[in-house]
Amino acid sequence: MTAIFVTSLTEGGGKTSICAGLAQHMVGEGKKVGFMKPVTMEGVDSDALLMKNVLSLAESPEDISPFIGDSRKISGIVKQTYDRISKDKDIVIIEGPGSAGEAAQKMAAAVNAKVIIVGGPEESPGAKMIVAQKLFGKNLLGVILNKVPVSFVEGLRDKATAAFKEAGIKVLGLLPEDRALFTLTVSELADGINGEILNSAEKSGELAENIMLGAMTVDTGPLYFGRKENKVAVLRSERSDMQLAALQTSTRGLVISGEQKPLPQVMGEAVKKDVPIIMAGDDVTTIVSNIEDTMARTRFSVEKLPRISTIITEYLDLPALGKALGIKA
34 MTAIFVTSLT EGGGKTSICA GLAQHMVGEG KKVGFMKPVT MEGVDSDALL
84 MKNVLSLAES PEDISPFIGD SRKISGIVKQ TYDRISKDKD IVIIEGPGSA
134 GEAAQKMAAA VNAKVIIVGG PEESPGAKMI VAQKLFGKNL LGVILNKVPV
184 SFVEGLRDKA TAAFKEAGIK VLGLLPEDRA LFTLTVSELA DGINGEILNS
234 AEKSGELAEN IMLGAMTVDT GPLYFGRKEN KVAVLRSERS DMQLAALQTS
284 TRGLVISGEQ KPLPQVMGEA VKKDVPIIMA GDDVTTIVSN IEDTMARTRF
334 SVEKLPRIST IITEYLDLPA LGKALGIKA
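For the working numbering, add 33 to where a residue sits in the sequence shown, where the first one is 1.
Hints are not guaranteed to be accurate.
As the list claims (entries may be wrong) - The list that follows gives simulated cross-link-like pairs (lysine-lysine, DSBU-like), each with its CA atoms no further than 35 Å apart:
1. K236 to K305
2. K305 to K112
3. K356 to K305
4. K122 to K106
5. K264 to K356
Said to hold, decoys possible - What follows is a set of in silico ranges between Cβ atoms, one per label pair, in the way DEER data are often shown:
6. D326 to G188: 26 to 36 Å
7. D191 to D211: 29 to 39 Å
8. E199 to R332: 27 to 37 Å
9. K356 to D191: 13 to 23 Å
Treat the hints as calculated values from the structure; they're not laboratory data.
Heads up, the beta-carbon is just placed ideally off N, CA and C, and yes, glycines get one too.
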(Lines of atoms letter the chains of each structure in order from A; the text may use other names.)
(Lines give C-alpha, C1' and ligand atoms only; values in the text may rest on other atoms or scores of the structure.)
Protein backbone atom coordinates (compact mmCIF):
# COMPACT_ATOMS: atom_id res chain seq x y z
CA MET A 34 0.00 0.00 0.00
CA THR A 35 1.28 3.42 -1.00
CA ALA A 36 0.03 6.74 0.36
CA ILE A 37 0.65 9.97 -1.54
CA PHE A 38 0.10 13.25 0.29
CA VAL A 39 -0.38 16.33 -1.92
CA THR A 40 -0.07 19.72 -0.25
CA SER A 41 0.93 23.26 -1.23
CA LEU A 42 2.37 26.41 0.25
CA THR A 43 -0.68 28.55 -0.56
CA GLU A 44 -4.39 28.08 -1.26
CA GLY A 45 -5.52 27.85 -4.87
CA GLY A 46 -2.37 26.10 -6.06
CA GLY A 47 -4.24 23.42 -7.98
CA LYS A 48 -3.97 20.47 -5.57
CA THR A 49 -7.36 19.00 -6.42
CA SER A 50 -6.80 18.99 -10.17
CA ILE A 51 -3.38 17.37 -9.74
CA CYS A 52 -4.82 14.74 -7.39
CA ALA A 53 -7.55 14.00 -9.93
CA GLY A 54 -5.08 13.79 -12.82
CA LEU A 55 -2.75 11.49 -10.89
CA ALA A 56 -5.65 9.30 -9.79
CA GLN A 57 -6.99 9.00 -13.33
CA HIS A 58 -3.55 8.09 -14.68
CA MET A 59 -3.01 5.43 -12.03
CA VAL A 60 -6.45 3.93 -12.62
CA GLY A 61 -5.46 3.73 -16.28
CA GLU A 62 -2.38 1.77 -15.21
CA GLY A 63 -4.62 -0.78 -13.52
CA LYS A 64 -4.22 0.46 -9.94
CA LYS A 65 -6.99 0.53 -7.36
CA VAL A 66 -6.93 4.12 -6.12
CA GLY A 67 -8.51 5.62 -3.03
CA PHE A 68 -8.78 9.24 -1.96
CA MET A 69 -9.32 11.28 1.16
CA LYS A 70 -9.21 14.94 2.13
CA PRO A 71 -9.22 15.68 5.87
CA VAL A 72 -11.18 18.86 6.62
CA THR A 73 -11.32 21.24 9.56
CA MET A 74 -14.87 22.46 8.93
CA GLU A 75 -17.94 20.27 9.45
CA GLY A 76 -19.71 19.12 6.31
CA VAL A 77 -18.63 17.09 3.31
CA ASP A 78 -16.00 18.79 1.16
CA SER A 79 -17.03 19.41 -2.46
CA ASP A 80 -13.62 18.33 -3.78
CA ALA A 81 -13.94 15.05 -1.90
CA LEU A 82 -17.37 14.45 -3.47
CA LEU A 83 -15.90 15.16 -6.88
CA MET A 84 -13.15 12.57 -6.32
CA LYS A 85 -15.71 10.06 -5.05
CA ASN A 86 -17.45 10.51 -8.39
CA VAL A 87 -14.25 10.42 -10.48
CA LEU A 88 -12.99 7.22 -8.84
CA SER A 89 -16.41 5.61 -8.26
CA LEU A 90 -15.51 5.15 -4.59
CA ALA A 91 -17.75 3.04 -2.37
CA GLU A 92 -16.62 4.75 0.84
CA SER A 93 -18.92 7.20 2.60
CA PRO A 94 -18.42 10.93 2.10
CA GLU A 95 -17.59 11.15 5.81
CA ASP A 96 -14.65 8.77 5.36
CA ILE A 97 -13.45 10.49 2.21
CA SER A 98 -13.45 13.86 3.98
CA PRO A 99 -13.01 13.13 7.70
CA PHE A 100 -13.70 16.06 9.99
CA ILE A 101 -10.89 17.10 12.36
CA GLY A 102 -12.31 19.42 14.97
CA ASP A 103 -9.42 19.14 17.41
CA SER A 104 -5.87 19.64 16.13
CA ARG A 105 -4.61 17.33 18.86
CA LYS A 106 -6.49 14.45 17.22
CA ILE A 107 -5.17 14.94 13.65
CA SER A 108 -2.89 11.90 13.62
CA GLY A 109 -5.45 9.52 15.14
CA ILE A 110 -8.36 10.54 12.90
CA VAL A 111 -6.27 10.43 9.72
CA LYS A 112 -4.79 7.02 10.60
CA GLN A 113 -8.12 5.46 11.55
CA THR A 114 -9.81 6.75 8.40
CA TYR A 115 -6.90 5.70 6.21
CA ASP A 116 -6.98 2.18 7.64
CA ARG A 117 -10.66 1.87 6.69
CA ILE A 118 -10.49 3.21 3.14
CA SER A 119 -7.17 1.63 2.12
CA LYS A 120 -8.09 -2.02 2.65
CA ASP A 121 -8.58 -2.97 -1.00
CA LYS A 122 -6.48 -0.18 -2.57
CA ASP A 123 -3.04 -0.12 -4.16
CA ILE A 124 -2.68 3.64 -3.68
CA VAL A 125 -4.44 6.25 -1.57
CA ILE A 126 -4.07 9.89 -2.55
CA ILE A 127 -4.53 12.32 0.32
CA GLU A 128 -5.18 15.97 -0.42
CA GLY A 129 -3.69 18.04 2.36
CA PRO A 130 -4.25 21.67 3.35
CA GLY A 131 -3.09 24.66 1.35
CA SER A 132 -0.32 25.24 3.82
CA ALA A 133 2.58 22.82 4.13
CA GLY A 134 2.87 23.38 7.87
CA GLU A 135 2.64 21.39 11.09
CA ALA A 136 -0.91 20.11 10.48
CA ALA A 137 0.08 18.80 7.04
CA GLN A 138 3.17 17.15 8.51
CA LYS A 139 1.06 15.33 11.13
CA MET A 140 -1.39 14.09 8.49
CA ALA A 141 1.35 12.75 6.23
CA ALA A 142 3.34 11.20 9.08
CA ALA A 143 0.27 9.41 10.45
CA VAL A 144 0.23 7.12 7.41
CA ASN A 145 3.91 7.40 6.40
CA ALA A 146 2.86 9.06 3.14
CA LYS A 147 5.16 10.21 0.39
CA VAL A 148 4.73 13.96 -0.04
CA ILE A 149 4.37 16.16 -3.11
CA ILE A 150 4.31 19.95 -2.72
CA VAL A 151 2.45 21.98 -5.36
CA GLY A 152 3.91 25.42 -6.05
CA GLY A 153 3.38 28.22 -8.54
CA PRO A 154 5.65 29.27 -11.42
CA GLU A 155 7.33 31.84 -9.17
CA GLU A 156 8.16 29.22 -6.53
CA SER A 157 11.78 28.96 -5.44
CA PRO A 158 13.61 26.97 -2.76
CA GLY A 159 13.17 29.88 -0.35
CA ALA A 160 12.36 29.99 3.36
CA LYS A 161 8.85 28.43 3.16
CA MET A 162 10.03 25.58 0.96
CA ILE A 163 13.04 24.86 3.15
CA VAL A 164 10.80 24.74 6.24
CA ALA A 165 8.50 22.31 4.42
CA GLN A 166 11.48 20.22 3.38
CA LYS A 167 12.58 19.93 6.99
CA LEU A 168 9.06 19.07 8.15
CA PHE A 169 8.56 16.20 5.69
CA GLY A 170 12.18 15.01 5.58
CA LYS A 171 12.97 11.93 3.52
CA ASN A 172 9.29 11.43 2.66
CA LEU A 173 9.28 14.55 0.47
CA LEU A 174 9.27 13.26 -3.12
CA GLY A 175 9.53 16.69 -4.68
CA VAL A 176 7.70 19.71 -5.99
CA ILE A 177 5.36 20.29 -8.93
CA LEU A 178 5.34 23.81 -10.32
CA ASN A 179 1.80 24.45 -11.53
CA LYS A 180 0.12 27.09 -13.71
CA VAL A 181 3.33 28.00 -15.52
CA PRO A 182 2.66 30.28 -18.54
CA VAL A 183 3.06 28.10 -21.63
CA SER A 184 5.76 30.33 -23.13
CA PHE A 185 7.85 29.96 -19.95
CA VAL A 186 7.73 26.18 -19.50
CA GLU A 187 10.82 25.27 -21.53
CA GLY A 188 12.94 28.20 -20.37
CA LEU A 189 12.04 27.72 -16.71
CA ARG A 190 12.48 23.94 -16.57
CA ASP A 191 16.28 23.79 -16.44
CA LYS A 192 16.59 26.87 -14.24
CA ALA A 193 14.05 25.63 -11.68
CA THR A 194 15.37 22.08 -11.68
CA ALA A 195 18.90 23.30 -10.97
CA ALA A 196 17.81 25.68 -8.20
CA PHE A 197 15.74 23.07 -6.38
CA LYS A 198 18.34 20.36 -6.90
CA GLU A 199 20.89 22.56 -5.13
CA ALA A 200 18.49 22.69 -2.19
CA GLY A 201 18.04 18.91 -2.29
CA ILE A 202 14.51 19.00 -3.73
CA LYS A 203 13.47 17.24 -6.94
CA VAL A 204 11.26 19.00 -9.49
CA LEU A 205 8.71 16.42 -10.62
CA GLY A 206 7.34 18.57 -13.39
CA LEU A 207 6.26 21.98 -14.65
CA LEU A 208 2.59 22.00 -15.58
CA PRO A 209 1.52 24.68 -18.06
CA GLU A 210 -1.29 27.09 -17.35
CA ASP A 211 -4.32 25.96 -19.33
CA ARG A 212 -7.35 28.11 -19.96
CA ALA A 213 -9.69 25.11 -19.95
CA LEU A 214 -8.90 24.46 -16.28
CA PHE A 215 -10.04 27.96 -15.27
CA THR A 216 -13.31 27.90 -17.14
CA LEU A 217 -16.80 27.66 -15.69
CA THR A 218 -19.60 25.36 -16.66
CA VAL A 219 -22.65 27.16 -18.02
CA SER A 220 -24.47 26.26 -14.80
CA GLU A 221 -21.70 27.69 -12.59
CA LEU A 222 -21.74 30.87 -14.65
CA ALA A 223 -25.52 31.15 -14.30
CA ASP A 224 -25.26 30.74 -10.52
CA GLY A 225 -22.47 33.33 -10.35
CA ILE A 226 -24.60 36.00 -12.00
CA ASN A 227 -27.85 34.96 -10.27
CA GLY A 228 -29.25 34.11 -13.67
CA GLU A 229 -32.23 31.95 -14.65
CA ILE A 230 -31.72 29.19 -17.23
CA LEU A 231 -34.74 29.26 -19.54
CA ASN A 232 -34.10 26.15 -21.64
CA SER A 233 -31.82 23.18 -22.34
CA ALA A 234 -30.74 22.89 -18.71
CA GLU A 235 -29.31 19.45 -19.49
CA LYS A 236 -26.57 21.22 -21.47
CA SER A 237 -25.59 23.53 -18.62
CA GLY A 238 -22.80 21.20 -17.48
CA GLU A 239 -20.71 22.07 -20.55
CA LEU A 240 -17.68 24.31 -20.19
CA ALA A 241 -17.84 27.95 -21.26
CA GLU A 242 -14.31 28.23 -22.63
CA ASN A 243 -14.69 31.81 -23.85
CA ILE A 244 -16.82 34.84 -22.98
CA MET A 245 -17.83 37.28 -25.71
CA LEU A 246 -19.77 40.54 -25.67
CA GLY A 247 -22.08 41.63 -28.46
CA ALA A 248 -20.63 43.28 -31.57
CA MET A 249 -21.67 46.82 -32.43
CA THR A 250 -23.12 46.23 -35.90
CA VAL A 251 -25.52 43.68 -37.38
CA ASP A 252 -23.61 42.69 -40.52
CA THR A 253 -20.48 41.68 -38.61
CA GLY A 254 -22.39 39.51 -36.12
CA PRO A 255 -21.81 35.96 -37.47
CA LEU A 256 -18.23 36.79 -38.47
CA TYR A 257 -17.54 38.31 -35.07
CA PHE A 258 -19.03 35.46 -33.04
CA GLY A 259 -17.31 32.90 -35.25
CA ARG A 260 -13.92 33.98 -33.90
CA LYS A 261 -14.22 31.91 -30.73
CA GLU A 262 -15.62 28.45 -30.11
CA ASN A 263 -17.45 26.97 -27.12
CA LYS A 264 -18.34 30.42 -25.83
CA VAL A 265 -20.99 32.14 -23.80
CA ALA A 266 -22.17 35.38 -25.39
CA VAL A 267 -23.38 38.22 -23.17
CA LEU A 268 -25.96 40.34 -25.02
CA ARG A 269 -28.51 43.04 -24.35
CA SER A 270 -32.13 41.90 -24.35
CA GLU A 271 -33.12 44.19 -27.24
CA ARG A 272 -30.42 42.82 -29.57
CA SER A 273 -32.27 39.81 -30.99
CA ASP A 274 -30.19 40.18 -34.16
CA MET A 275 -26.98 39.60 -32.20
CA GLN A 276 -28.59 36.75 -30.25
CA LEU A 277 -29.48 34.97 -33.50
CA ALA A 278 -26.02 35.68 -34.92
CA ALA A 279 -24.35 34.07 -31.91
CA LEU A 280 -26.58 31.01 -32.25
CA GLN A 281 -25.26 30.47 -35.78
CA THR A 282 -21.79 29.80 -34.35
CA SER A 283 -20.21 27.50 -31.74
CA THR A 284 -22.02 28.77 -28.62
CA ARG A 285 -22.50 27.04 -25.26
CA GLY A 286 -24.87 29.63 -23.83
CA LEU A 287 -26.45 33.08 -24.21
CA VAL A 288 -26.64 35.49 -21.28
CA ILE A 289 -29.34 38.10 -21.81
CA SER A 290 -29.14 41.32 -19.81
CA GLY A 291 -32.22 43.29 -18.77
CA GLU A 292 -35.78 42.18 -18.11
CA GLN A 293 -37.05 41.62 -21.67
CA LYS A 294 -37.43 37.92 -22.51
CA PRO A 295 -35.99 36.68 -25.84
CA LEU A 296 -38.24 36.82 -28.90
CA PRO A 297 -39.94 33.54 -29.94
CA GLN A 298 -37.61 33.08 -32.92
CA VAL A 299 -34.56 33.39 -30.64
CA MET A 300 -36.02 30.92 -28.13
CA GLY A 301 -36.93 28.55 -30.96
CA GLU A 302 -33.41 28.60 -32.40
CA ALA A 303 -31.83 28.12 -28.95
CA VAL A 304 -34.08 25.14 -28.19
CA LYS A 305 -33.39 23.66 -31.63
CA LYS A 306 -29.62 23.90 -31.08
CA ASP A 307 -29.73 22.98 -27.37
CA VAL A 308 -28.08 26.25 -26.31
CA PRO A 309 -29.17 27.40 -22.83
CA ILE A 310 -30.39 30.98 -22.56
CA ILE A 311 -29.68 32.63 -19.19
CA MET A 312 -31.70 35.64 -18.11
CA ALA A 313 -29.85 38.09 -15.88
CA GLY A 314 -31.56 41.29 -14.79
CA ASP A 315 -28.36 43.32 -14.46
CA ASP A 316 -26.69 45.46 -17.11
CA VAL A 317 -23.87 44.01 -19.24
CA THR A 318 -21.09 45.70 -17.25
CA THR A 319 -22.35 44.25 -13.96
CA ILE A 320 -22.82 40.80 -15.51
CA VAL A 321 -19.27 40.75 -16.86
CA SER A 322 -17.92 41.87 -13.48
CA ASN A 323 -19.85 39.05 -11.77
CA ILE A 324 -18.55 36.51 -14.29
CA GLU A 325 -14.97 37.64 -13.62
CA ASP A 326 -15.51 37.31 -9.86
CA THR A 327 -16.98 33.84 -10.32
CA MET A 328 -14.11 32.73 -12.55
CA ALA A 329 -11.62 33.86 -9.90
CA ARG A 330 -13.28 31.39 -7.51
CA THR A 331 -13.68 28.55 -9.99
CA ARG A 332 -12.94 25.06 -8.70
CA PHE A 333 -11.91 21.87 -10.42
CA SER A 334 -14.79 19.90 -11.92
CA VAL A 335 -15.21 16.52 -13.57
CA GLU A 336 -15.62 18.18 -16.98
CA LYS A 337 -11.98 19.29 -16.74
CA LEU A 338 -10.63 15.82 -15.99
CA PRO A 339 -9.65 14.87 -19.56
CA ARG A 340 -7.55 18.02 -19.90
CA ILE A 341 -5.65 17.71 -16.60
CA SER A 342 -5.07 14.01 -17.33
CA THR A 343 -3.43 14.96 -20.63
CA ILE A 344 -1.29 17.63 -18.94
CA ILE A 345 -0.19 15.20 -16.21
CA THR A 346 0.81 12.60 -18.81
CA GLU A 347 2.72 15.08 -20.96
CA TYR A 348 4.48 17.24 -18.38
CA LEU A 349 4.92 15.23 -15.17
CA ASP A 350 7.93 12.93 -14.76
CA LEU A 351 5.78 9.86 -14.21
CA PRO A 352 8.60 7.29 -14.50
CA ALA A 353 10.59 9.11 -11.79
CA LEU A 354 7.47 9.39 -9.64
CA GLY A 355 6.67 5.70 -10.05
CA LYS A 356 10.23 4.72 -9.16
CA ALA A 357 10.14 6.84 -6.01
CA LEU A 358 6.84 5.28 -5.01
CA GLY A 359 7.95 1.76 -5.88
CA ILE A 360 5.21 1.34 -8.47
CA LYS A 361 4.80 1.52 -12.23
CA ALA A 362 3.44 4.97 -13.06
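**Asked** What are the numbers of the hints the structure violates, in ascending order?
**Response** Hints 2, 3, 5 and 7 not satisfied by this model.
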